[in-house]
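Trainee: Please take these sequences and the hints and turn them into a complete structure.
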Amino acid sequence: MRTILKITGAAALLLSISACAPSASQLKSVLEEHPEILTGAIEKHPEQFMEALQKASEAAQAKAEAAKMEELFKNPLNPEVIEARGFLGDAKAPLTIVEYTDFQCPYCSKGYETLEEVRKAYGDKVRVLVKNLPLPMHPQAMPAAQYFEALRLQDPAKAYAFYHEVFANQDGLNKDKEKFLDAAATKAGGNLAQLKKDIKGPKVKEAIAADMKEAESFEIQGTPGFVVGGIPLRGAYPLPFFKQIIDRRLANK
797 MRTILKITGA
807 AALLLSISAC
817 APSASQLKSV
827 LEEHPEILTG
837 AIEKHPEQFM
847 EALQKASEAA
857 QAKAEAAKME
867 ELFKNPLNPE
877 VIEARGFLGD
887 AKAPLTIVEY
897 TDFQCPYCSK
907 GYETLEEVRK
917 AYGDKVRVLV
927 KNLPLPMHPQ
937 AMPAAQYFEA
947 LRLQDPAKAY
957 AFYHEVFANQ
967 DGLNKDKEKF
977 LDAAATKAGG
987 NLAQLKKDIK
997 GPKVKEAIAA
1007 DMKEAESFEI
1017 QGTPGFVVGG
1027 IPLRGAYPLP
1037 FFKQIIDRRL
1047 ANK
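Numbering of the sequence shown is given in our numbering, commencing with residue 797 and proceeding in unit increments.
I should point out that these hints are in silico values taken from the structure, not numbers from a laboratory.
It cannot be assumed that every hint is accurate.
Simulated DEER-style distance windows between Cβ atoms [stated by the list, open to error]:
no.	residue 1	residue 2	range
1	Q1040	K983	31 to 41 Å
2	G1018	G836	54 to 64 Å
3	G1018	V877	14 to 24 Å
4	E909	E876	39 to 49 Å
5	P842	G919	23 to 33 Å
6	N987	K864	15 to 25 Å
We treat Cβ as the ideally placed atom computed from N, Cα and C, and that holds for glycine.
Mentor: Dropping the structure here:
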């Protein structure tokens, strides 16, 4: 009986405070002195409580992400852009997207498709610079990266033709390995004999190592990774995530 009176009294106190717009400290004080009010409400409406908790968590996460994004817009990343490596799209485009890719990664295949959507949506306003991040769990990723960079030494356009061919036929890479790479490089117009020599040379090795080191410095550990106008996207995000960054970046140019 005393417990009931206690709860009833506390509830009455809470209601009286509520009637005159209580401060956060007043509500906190009442609930700290009478936690049974809150636990009773939770026990009576557990589903509503969990839903409210989930929404509060999502709201807090969204707020934190928004704050982090604003900080990135103030202090964007600055990846190295060497014009001689070539681009997908107009070389004079006002916005650069750097992609860190693994030719054998299935998520990179999805990332490739999204980048094609981006290029279709923005035309000559964006250019894409592809860099290498071959992961150790993909045995054909490093050989493919080496072919890509060796072709780049011959002609960036051939390297990007190879890039398209691999991601359009990734199953072929998984199945036929070097045979597929040779065929893809030949189809891209590459000199296969010269490519085989360049793969063993320092330029290919140094280019891939520099790409991997830069990705690590940007905390891009998995693939695909992107730096969109200086803003990192770590993962195979869909088109809307690219658009919100690109639109804001282009609006400020």
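Trainee: It remains to establish, for every hint, whether it holds in the given structure.
Mentor: Verification of the hints:
1. Q1040 - K983: 31 to 41 Å: holds (36 Å)
2. G1018 - G836: 54 to 64 Å: With a Cβ separation near 46 Å, G1018 and G836 fall outside 54 to 64 Å, so the hint is violated.
3. G1018 - V877: 14 to 24 Å: holds (22 Å)
4. E909 - E876: 39 to 49 Å: violated (26 Å)
5. P842 - G919: 23 to 33 Å: Once the Cβ atoms are compared, 53 Å apart, the range 23 to 33 Å for G919 and P842 is violated.
6. N987 - K864: 15 to 25 Å: Given range 15 to 25 Å: violated, Cβ gap about 46 Å.
Checked against the numbered hints given earlier, the structure breaks hints 2, 4, 5, 6 and satisfies all the rest.
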